[in-house]
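J.: Numbering follows our numbering, in which position 187 of the sequence shown is assigned residue number 186; successive positions increment by one, without gaps.
Derived from the structure by calculation, the hints contain no laboratory data.
Each residue gets a CB set at the ideal place from its N, CA and C atoms; glycine is no exception.
Hints are not guaranteed to be accurate.
Pair by pair, the computed Cβ-Cβ distance ranges are [unchecked claim]: (1) K165 with G52: 38 to 48 angstroms; (2) A244 with I144: 17 to 27 angstroms; (3) L78 with Q199: 28 to 38 angstroms; (4) A244 with T166: 17 to 27 angstroms; (5) G233 with L78: 36 to 46 angstroms; (6) P127 with E168: 20 to 30 angstroms; (7) G169 with V220: 18 to 28 angstroms; (8) T166 with A138: 19 to 29 angstroms; (9) Q175 with V34: 11 to 21 angstroms; (10) L137 with F43: 28 to 38 angstroms; (11) T131 with V240: 14 to 24 angstroms; (12) P196 with T166: 11 to 21 angstroms; (13) N135 with Y226: 12 to 22 angstroms; (14) G169 with A123: 15 to 25 angstroms.
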Amino acid sequence: MGEFLEKTLVVTEIEARKIRHDPKQLFTRAAQPIVWLGVFGQVFSRFEAIPTGEFSYLDYLTPGIVGQSLLFLTIFSGLIILSERDLGLLQKLLVSPTPRLSLVIGKGVGNTLRTLVQSFIIYALAIPLGVTLNWNPLALIGVVITILLATVLFSTFSLLVVCIGKTQEGFLGIAQFLTLPLFFTSNAIYPLEMMPPWLQAFALINPLTYTIDALRGLMLVGEANSYPLLLNWGILLGVIVILGALGRWQYPTLVN
């Protein structure tokens, strides 16, 4: 177990170095959440057409945009894996004594650093927009844990998409096909109760739904979540275990 954790931290540190060498990517990728909050959120909050209970629409939307940001950022992280394969780095990692599961989890944890910076930018934007955020230290720690779990989950999912797509074109085609359905069949921009029953069924098997529900309960002041926090975390952890096992099995197929 100790060796597994050590190897996982080594892979995480490698991913962190990539961010240090190209920090501007963190800010250029923040354009999309800024548009969603600053434009979409501002416009739709005037209509008052979406029932959000005691919360303003901007309050309700902000955790959803954090979830959207980490989804879009991590699901396309597979492009980095394809680049490593083409440079021959992936082959070296696979023949090293590093456990394959450490490679899968380490890359996911490394991506968490990117999503945490994105989330910080969204927090900074939400303040002048008047969003009422929960600054309780325990709540903030809970937000970090949720982001970590969700990032590892969707990074591992991205790895599986890479194993299926094999090429950059194949990967992008599948990733783009899946990203918007995952986003719009979640509770990111409207409550599940507004969806028709058949769409609610998809939302309930969508891990992004439980990610955003946990974020909403932690980021806002009041009863904003629909499910208990531990249930949300448990579902995310369960999906990580399943995807991690599949990723460990599929990873070597990238170099075959």
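J.: Could you run down the list of hints and mark each one as holding or not?
T.: Hint check:
no.: 1; hint: K165 with G52: 38 to 48 angstroms; verdict: holds, 46 angstroms
no.: 2; hint: A244 with I144: 17 to 27 angstroms; verdict: holds, 22 angstroms
no.: 3; hint: L78 with Q199: 28 to 38 angstroms; verdict: holds, 32 angstroms
no.: 4; hint: A244 with T166: 17 to 27 angstroms; verdict: holds, 25 angstroms
no.: 5; hint: G233 with L78: 36 to 46 angstroms; verdict: violated, 31 angstroms
no.: 6; hint: P127 with E168: 20 to 30 angstroms; verdict: violated, 41 angstroms
no.: 7; hint: G169 with V220: 18 to 28 angstroms; verdict: violated, 45 angstroms
no.: 8; hint: T166 with A138: 19 to 29 angstroms; verdict: violated, 43 angstroms
no.: 9; hint: Q175 with V34: 11 to 21 angstroms; verdict: holds, 18 angstroms
no.: 10; hint: L137 with F43: 28 to 38 angstroms; verdict: holds, 31 angstroms
no.: 11; hint: T131 with V240: 14 to 24 angstroms; verdict: violated, 35 angstroms
no.: 12; hint: P196 with T166: 11 to 21 angstroms; verdict: violated, 38 angstroms
no.: 13; hint: N135 with Y226: 12 to 22 angstroms; verdict: holds, 20 angstroms
no.: 14; hint: G169 with A123: 15 to 25 angstroms; verdict: violated, 37 angstroms
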